[in-house]
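Novice: Here are the chains, one letter per residue:
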Amino acid sequence: MALLTYATKRVGQTLPVALFVTVLIFLLIKLLPGDPASTILGDRASDAAVRALHQQWGLDRPLWQQYTTYMHNLATGNLGQSLRYRTPVVDLLPRRMGVTLFLVIYSMLLSVMIAVPLAIIAAANRDRWPDQLVRGLITLPLASPPFWIGILLLIVFALRLRWFPAAGYGEGFVGHLRYLFLPALTLSNAFTAVLTRNLRSSLIDVQQTTFVDFARAKGLTYRDVQVRHVLRAALLPIVTLIGVRLSYAIGGSVIIETVFALPGLGSWMVDSIMARDYMVVQTLTLTFAIGAMLINLATDLVYPLLDPRVRMG
Amino acid sequence: MRRVHMVLAFTVALVFALVGSSPAPNVSGQQFKKVIRFGVNRGAENLDPVTQDANPDIWAFMQIYQQLVRVNIKGDGFDPDLAERWTTSADGKTWTFFLRKDARFSTGDPVKAGDVVWSLKRAHDVKGPWQWALEPVQEIAARDDSTVVITLKEPWAPFLADVSLFSNSVLSEKVFKDAKQDQISNKPVGSGPFMLVEWKKGEELVMKANPNYFEKGLPKSPELHLRYIPDDNARIIAVQSGEVDGIDYPPFSRVAELKRDSRLQMQLNPSTAVAHLSLNMREAPLNNVKVRQALAYATDRYAIVRAVCFGYCTPATTFLPMTTPYYNKNAKGYTRDLAKAQQLLTESGVKTPLTLKLLYRTGDAVQEPTAVALKAMWAKIGVNLELEPLDRAAATQRYRANQFQVNISGWTNDIPDPSQLGAYELGYTESQSYHSGYQTKEMDDLLARGLREITPEKRREIYYKIQDVALRDSPLIWLYYAPYTIAINKKMTGFVQMATGPWIFKNVAVGE
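Protein sequences appear in the order of chains A and L.
Numbered according to the numbering used here, the first sequence spans residues 1 to 313.
Numbered according to the numbering used here, the second sequence spans residues 1001 to 1512.
No lab work stands behind these hints, which were simulated from the structure alone.
From the three backbone atoms N, C-alpha and C, an ideal C-beta is built for every residue, glycine too.
It cannot be assumed that every hint is accurate.
Output of the computed footprint for chain A on chain L, the stretches with three or more beta carbons under 8 Å from beta carbons of chain A [claimed, not checked]:
id, region
1, 1197-1203
2, 1230-1239
3, 1380-1394
Coverage of chain A stretches by chain L, computed from C-beta distances (three or more under 8 Å per stretch; other residues unrestricted) [as the list claims (entries may be wrong)]:
id, region
4, 41-51
5, 157-169
Using the sequences and the accompanying hints, generate a full structural model.
Specialist: Right, here's the structure in full:
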């Protein structure tokens, strides 16, 4: 029950923040110089054509009227129309969101699959050469910008070896796995490094606690102690880390999607800002904001479930 | 440690599974690929021929729509398209187009005169950037199902060129008559070689061969995919790795490298692109013709061509592109002459050092180096150029509001005739002479005569004169003529790009 009350309270707290975000974004984008009608019609359009579009889109009305119309539409589930594509935003959103979610989750899974074995090897061989090697290896992706890693991977695996496609999203689940492998790997780089480092120190910490000594004293095998007790306990702080990094990953996808020509939310956001496609920018900002809030909320809720020692205040 | 091994094994297995799942080679013995994949630097946004202005959209819907007549490949005359022949009355005011009887929309319906009348009336009436093309038209009528009669208010020299313009594409009246405006933008239906089957916005346009296309045996390939790959590096890697069969606009900086790639053919196609500077002559000091001429003399076009186009462009000598009819190939233009520039500046009475502001689009691979080069060149005659980089939308707004001193811009023709560019760059009513504010009675008269003079020789004289006067008055400084850059896989044959821009894919086949 306490958890439910806590969850309801947290959700209640996020709503005003979301509302504030809509006002802020609405004003910020209107403050930007440039206008969608001129941008879309191009340099050569006549003033009359630009005026006609303004009228058609309601951009000639006062700001507060535009905002109330926007909020009214939002409340009725109408996200508006992409000015550029002349299509309801809600029709374009699912595929775009699918690409980004696939990419982000894929990169998280890759990170975990790479980081967990590396961290275990490093922790088990603390301060010996395998540990030094792992720690050395992970500084490289941390120090390299993602677009550079992306282009490097493209040149090696798409251009020279031709193992993976160079651009696009592919068709079907297997197609997505194949097309998104290099982008996901690029996106996972920094997180893999952070995860390895954190998991390694977490493992080392847990190994030094009394319950591990106790487990060993009970006569459990080394492997059982490591997997059942140490790894399980060490994974707990990682949950928070995953939550935090998930928000980063969504941000990072902007660059990755551009480098690999992926039709996701990130590249769409950049394109739409450039074209002053107001409705899309507003919707995406709101989506990102709500997404970040939900991730935070989920992390806060999952953590006490996993670790009974944490009690809600 | 067994679980650890399992994780490792799973990782390795996944990687192998991904690598191993590349498409199986075609074993059917087919010689050609079913699909042409072409990577474009800008995605399509709106496929309505009447309201759209951006090249990626126009070049895409040109695969879907036909016009009454079309520009020939050389770009100096017209071929039949939906009209198999046409006649002009003796006074030049009545044009009769006889439609071919075997043309059909992709829906299977025949293309009738009623469709042409409906489409042209729409192009004439709907507010958009192309209304000028049917401006001289008084009446459009169908005499019968296969004859269209267009009456003009007065004889109009570029009329056939105007009719060939993409905005005068023929749409199916039956499909669109009662449709919402946005349906034409999203679901075009035409009689051209391809038809749109799927549009993943911001990602890919998927087209299939129109089974009812009148030219038998064309298009050669059953499918055409135009894929949006905005990043230059990604687009180049896509064509190099075989992910796509061709790409548009590889930057000039990569041309030499692509030429060396034995799998690719690097094309530098003749175009009508002219890069120029607009000078805002509403205020001092740019309202002084001597200052404008001094700046034109201080500009080293050869150096810009080397720095910006890596040598692949041609310094501009007049406002007309080389591929346009009535281009004066003997025009001298401005060659760099610092002494003359300095002298003109002194004569103008403007004090140096003089500060001018240059507006350009940030992150633009062409405009940015142009701005830097100009700053160095003009400094030599005591002009301090302040650079004002803005993102495209903001820069466009400033330029449209005439809030600039010097603006970097450019042009590509849409019709094979000098009248469109003339009206736009040198005529005030169309665009305030590319927002320079230039307006003289001499030029207005010349432009009007150029439109109404039907005899080609006399027309040539008029356009030569226009080129001379434009250079003398210099409301714009013309910099260079740029080719279209295209990189295609050598297995792709039959690809053609018109000087006015559009690609022709109907003869394209891609070998396995």
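Novice: Of the numbered hints stated previously, which ones are contradicted by the structure, given in increasing order?
Specialist: Going through the list in order, the structure violates no hint and respects every one.
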